[in-house]
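Colleague: Listed below, chain by chain, are the residues.
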Amino acid sequence: MQVATEQGQARDAESPLDIRGLTVTYGEKPAVFSVDARFAPGVMTAIVGPNGAGKSTLLKAALGIVRPVSGQVKAWGRPIAAGRARIAYVPQRASVDWDFPTRVIDVVLMGQYRQLGLLRRVRTRHMEAAFDSLRRVGMDGFAERQIGQLSGGQQQRVFLARALAQGADLYLLDEPFAGVDAATEKAIIDVLKDLRGKGKTVVAVHHDLGTVPEYFDRVLLINTTRIAEGPVAGTFTQDNLQKAYGGRLATAQMSALA
Amino acid sequence: MLLEALTLQLGYNATLVTIGAALLGLAAGATGTFLFLGKRALVSDAISHATLPGVALAFMAMVALGGDGRALPGLLLGSAISSAVGLLCVSALTNRTRLSEDAAIGAVLSVFFGLGVVLLTVIQSMSSGRQAGLESFLLGSTAGMLWTDALVIALGGALVLALVALLRRPMTMVAFDPEFAAGAGMNVRRIELAMMGLALAITVVGLKIVGLILIVALLIIPAVAARFWSERVDHVVLLAGGIGGVSGYVGAAISATAPGLPTGPIVVLVAFGLFALSLVLAPGRGVLAAILRHRRFQARVHVRQGLLALAQGQPIYEPLTLRLMRGRGLIRADGVATKAGRAQAARALLDERRWQLLRSDPAHEEAAAHYDGLTPLESVLTPDQLRALDRGLRPGDVQAGALQ
Numbered sequence: 187m188q189v190a191t192e193q194g195q196a197r198d199a200e201s202p203l204d205i206r207g208l209t210v211t212y213g214e215k216p217a218v219f220s221v222d223a224r225f226a227p228g229v230m231t232a233i234v235g236p237n238g239a240g241k242s243t244l245l246k247a248a249l250g251i252v253r254p255v256s257g258q259v260k261a262w263g264r265p266i267a268a269g270r271a272r273i274a275y276v277p278q279r280a281s282v283d284w285d286f287p288t289r290v291i292d293v294v295l296m297g298q299y300r301q302l303g304l305l306r307r308v309r310t311r312h313m314e315a316a317f318d319s320l321r322r323v324g325m326d327g328f329a330e331r332q333i334g335q336l337s338g339g340q341q342q343r344v345f346l347a348r349a350l351a352q353g354a355d356l357y358l359l360d361e362p363f364a365g366v367d368a369a370t371e372k373a374i375i376d377v378l379k380d381l382r383g384k385g386k387t388v389v390a391v392h393h394d395l396g397t398v399p400e401y402f403d404r405v406l407l408i409n410t411t412r413i414a415e416g417p418v419a420g421t422f423t424q425d426n427l428q429k430a431y432g433g434r435l436a437t438a439q440m441s442a443l444a
Numbered sequence: 327m328l329l330e331a332l333t334l335q336l337g338y339n340a341t342l343v344t345i346g347a348a349l350l351g352l353a354a355g356a357t358g359t360f361l362f363l364g365k366r367a368l369v370s371d372a373i374s375h376a377t378l379p380g381v382a383l384a385f386m387a388m389v390a391l392g393g394d395g396r397a398l399p400g401l402l403l404g405s406a407i408s409s410a411v412g413l414l415c416v417s418a419l420t421n422r423t424r425l426s427e428d429a430a431i432g433a434v435l436s437v438f439f440g441l442g443v444v445l446l447t448v449i450q451s452m453s454s455g456r457q458a459g460l461e462s463f464l465l466g467s468t469a470g471m472l473w474t475d476a477l478v479i480a481l482g483g484a485l486v487l488a489l490v491a492l493l494r495r496p497m498t499m500v501a502f503d504p505e506f507a508a509g510a511g512m513n514v515r516r517i518e519l520a521m522m523g524l525a526l527a528i529t530v531v532g533l534k535i536v537g538l539i540l541i542v543a544l545l546i547i548p549a550v551a552a553r554f555w556s557e558r559v560d561h562v563v564l565l566a567g568g569i570g571g572v573s574g575y576v577g578a579a580i581s582a583t584a585p586g587l588p589t590g591p592i593v594v595l596v597a598f599g600l601f602a603l604s605l606v607l608a609p610g611r612g613v614l615a616a617i618l619r620h621r622r623f624q625a626r627v628h629v630r631q632g633l634l635a636l637a638q639g640q641p642i643y644e645p646l647t648l649r650l651m652r653g654r655g656l657i658r659a660d661g662v663a664t665k666a667g668r669a670q671a672a673r674a675l676l677d678e679r680r681w682q683l684l685r686s687d688p689a690h691e692e693a694a695a696h697y698d699g700l701t702p703l704e705s706v707l708t709p710d711q712l713r714a715l716d717r718g719l720r721p722g723d724v725q726a727g728a729l730q
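Protein sequences, first through last, are from chains A and B.
Under our numbering, the first residue of the first sequence carries the number 187, and numbering increases by one thereafter.
Under our numbering, the first residue of the second sequence carries the number 327, and numbering increases by one thereafter.
Because the hints were derived from the structure by calculation, they are not lab data.
Quick reminder that beta carbons are idealized off the backbone N, C-alpha and C, glycines included.
Among the clues, some could well be false.
[Claimed, not checked] FRET-style restraints, in silico, Cβ to Cβ:
| no. | chain 1 | residue 1 | chain 2 | residue 2 | range |
| --- | --- | --- | --- | --- | --- |
| 1 | B | LEU425 | A | ASN237 | 23 to 29 Å |
| 2 | B | ARG422 | A | SER281 | 34 to 40 Å |
| 3 | B | ARG626 | A | GLN428 | 51 to 57 Å |
| 4 | B | HIS620 | A | LYS429 | 51 to 57 Å |
| 5 | B | LEU425 | A | SER220 | 25 to 31 Å |
Assemble the whole structure, with the sequences as input and the hints as a guide.
Modeller: In structure tokens form, the structure reads like this:
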């Protein structure tokens, strides 16, 4: 018993993503200032804050997509580079050109770059894994479709499928519900909850305050600096939201949430 | 004469140039596709103009060392070094200052090219070396091409092609979604530099035939033309290689048919001809296909509106609608509905009523997304769903539809 508890604690200590003192600036204006965030394993965490609060920047800096001025990022207790194979990132849908000449299946296969490398041929098992990912987001009928023909919600599902194809343990999503239809929102949240059920960790930048308690277990509130972090029940409070959003959140909205 | 040129019967030099130009076009088309897809096409313009000071400095260095200064490998090495410096300048200006990439390209392009022209003037006033002909690198010159020159071009082109094949996956990923590529642990900057390094290699290899001013065309036009024909990166790359290769071959053959016809510009014109053909004729993305598609769509909209007007007993005024409906036998010449017209009108009205009902019901949100005013609901819902939906219609609607 004793041993088991210790092991459990040791695993707990290994946060899939542990950010310490992270500061990112654009020019000399900080987008993220000295943020500490330790994401708990096996749960779903929302990153919440007003526009321009540095939510997306925090994710990008944690992954090394933008270079931070200072700070340390560790994945499972080791430098982020060592954990990359276990991390999947879903960028904002608007960050790419959807007129790119590629099909849905090709985008999903990009998620398997680590297995395919430079020259290995795409074999049946790669295709099966890609189709399986598409099936999980309800897009298996669209594999041969050119990506320019997809609706916004379908594009978002394809991005999620590409991340699923990576077979990762930590999923970082940047605004996965932005501008998608209700059916897609439901499909995505089902997939994310399914991932959590399998012990994976999910971290999502989220803009819809109304659905935070319904979708997520924990919440990180930031506005350039860290405001609060913890279980939704005790952290997603009117008081903390006021601190994060200041006057930008109407009182009516606040009382509706509380 | 042209036939002889195309079948390589115009002598040794013409054959060398034609094969060299075809290989160059093939490699340039495939390489340029990644620049084009990554929206970095203009970088190649900076790279090519930055070769000129290198050519001049290499000439001076070789003369200073006692040579005649016109050895092609030496000149190409010099051009490669100076265009690499130019490329790094563009990269540094973009990444380390607040200058945007187009401004950095403009600055580097003009400064390097200006320096090159100044150096060429200096060379002209030098007493030693056979300086005549250095300007030919501006627009290419194939008059005195040697077997070794052709060999340099062929080997360089083949090497670049092999590297493109090796790096195609990371280059595609970075061109499509650099953030995802970076998140997956790829060194995006290094891959972008590799991509531009390959364009640099093409530029250097192509100096002799096409010249530095027009090499951009050979990198970009085949890719743009190929994009009209395919929606898959790998196919676009192969097509661009093919279009580039054909342009090089045909262009060089045409220029061999008469003395004084410049090879580079004609190669580029042939490439442009293929681009123009693609622009007009390509199915899907071509202009002609787009016009036809639009006309068909417009006709469907007019007929649908006309049918709905018939069903609701409203008059039709628009000449196009009247003409289309007459052509389809839906109305008579005097504007009165035929039997077929009445049947179709009733069906259109029922369909429209069904859609209205469906779209007002949040439970059908997914199906409602298919609404475009034209698609019949029967193609979206199953017969069972359709019957369930019909229960919500007013009795008159269903009867009207059931008449036919």
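Colleague: Please go over all the hints and tell whether each is borne out by the structure.
Modeller: Hint check:
no.: 1; hint: B:LEU425 <-> A:ASN237: 23 to 29 Å; in the structure: holds (27 Å)
no.: 2; hint: B:ARG422 <-> A:SER281: 34 to 40 Å; in the structure: violated (23 Å)
no.: 3; hint: B:ARG626 <-> A:GLN428: 51 to 57 Å; in the structure: holds (54 Å)
no.: 4; hint: B:HIS620 <-> A:LYS429: 51 to 57 Å; in the structure: holds (54 Å)
no.: 5; hint: B:LEU425 <-> A:SER220: 25 to 31 Å; in the structure: holds (30 Å)
Of the numbered hints given earlier, the model fails hint 2 alone.
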